[in-house]
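Whenever a hint applies, use it, and build me the whole structure from the sequences.
Position one of the first sequence corresponds to residue 1 (our numbering), numbered consecutively onward.
Treat the hints as calculated values from the structure; they're not laboratory data.
Mixed in with the good hints there might be a few duds.
Label pairs and their in silico Cβ distance ranges [said to hold, decoys possible]:
| no. | residue 1 | residue 2 | range |
| --- | --- | --- | --- |
| 1 | 11 | 48 | 12 to 22 Å |
| 2 | 32 | 74 | 25 to 35 Å |
| 3 | 32 | 83 | 29 to 39 Å |
| 4 | 82 | 32 | 31 to 41 Å |
| 5 | 51 | 18 | 14 to 24 Å |
| 6 | 34 | 87 | 27 to 37 Å |
| 7 | 52 | 5 | 13 to 23 Å |
| 8 | 104 | 74 | 26 to 36 Å |
| 9 | 105 | 32 | 14 to 24 Å |
| 10 | 61 | 84 | 14 to 24 Å |
| 11 | 83 | 34 | 27 to 37 Å |
Pairs of lysine-lysine, BS3-like flavour, derived with a Cα cap of 27 Å [said to hold, decoys possible]:
| no. | residue 1 | residue 2 |
| --- | --- | --- |
| 12 | 14 | 97 |
| 13 | 87 | 51 |
| 14 | 97 | 87 |
| 15 | 51 | 14 |
| 16 | 45 | 14 |
| 17 | 98 | 87 |
| 18 | 14 | 89 |
| 19 | 14 | 98 |
| 20 | 90 | 45 |
| 21 | 14 | 90 |
Positions of the beta carbon are idealized from the N, C-alpha and C atoms, including for glycine.
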Amino acid sequence: MKKHYYEQVYELVKEIPFGRVCTYGIIADYLSLGSARMVGYALNKCNSLGKEVPAHRVVNRQGYLSGRNAFDAPGMMKALLNAEGIKVKKDTVVDFKKLLWYPEEL
DNA sequence: TAGTTGACGACGG
DNA sequence: TCCGTCGCCAACT
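Here's what the structure looks like:
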């Protein structure tokens, strides 16, 4: 049984350290998905499937919370990030570049 | 089976 | 530098 590509996405997203964030593009590139949209699709699925994946730590390449609408509550993603000490202003991660995490750090 | 959609990103004007 | 357009590829209807 071959793992679906999104299973790999889940595994990688789970590796994102507490208080750090990552981008769709980085994940897509690391897993050779060919398209960042695949990551968003995968996370969208995992959310509906009730998977324990910290999807709130994944944002687009500008640090914008483009996925907040896919959460149960619009403000949930921001609240979760705040709980980790990540500041969010106008749906965008503050000091995004400093908090950015790369899979290569594993 | 074919067309549409999507939590994005790169590129050109 | 900012905005609009196109490409990406798998899942869903």
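> Is the straight-line distance between the alpha-carbon of residue 98 and that of residue 87 27 Å or less?
Replying inline: 12 Å, holds
>> Holds or violated: the 14 to 24 Å window for the beta-carbon distance between residue 105 and residue 32?
In response: Given range 14 to 24 Å: holds, Cβ gap about 18 Å.
> Straight-line Cα separation of residue 87 and residue 51 no greater than 27 Å?
Replying inline: 25 Å, holds
>> Please check whether residue 61 and residue 84 have a Cβ separation lying inside 14 to 24 Å.
In response: Cβ of residue 61 to Cβ of residue 84: about 20 Å, so the range 14 to 24 Å holds.
> At the C-beta level, are residue 34 and residue 87 separated by a distance inside 27 to 37 Å?
Replying inline: 33 Å, holds
> Straight-line Cα separation of residue 45 and residue 14 no greater than 27 Å?
Replying inline: 15 Å, holds
>> For the hint 12 to 22 Å, verify it against the beta carbon of residue 11 and that of residue 48.
In response: Distance hint for residue 11, residue 48 holds at roughly 18 Å.
>> Given the hinted pair residue 14 and residue 97, is their Cα-Cα distance within 27 Å?
In response: 20 Å, holds
> Has the given pair, residue 14 with residue 98, been kept, meaning a C-alpha gap of at most 27 Å?
Replying inline: 19 Å, holds
> Falls inside 25 to 35 Å, the C-beta gap from residue 32 to residue 74?
Replying inline: 32 Å, holds
> residue 32 and residue 83, beta-carbon distance inside 29 to 39 Å?
Replying inline: 32 Å, holds
> In this structure, is the beta-carbon distance linking residue 51 and residue 18 contained in 14 to 24 Å?
Replying inline: At 18 Å between Cβs, range holds.
Checked against the numbered hints above, the structure violates none of them.
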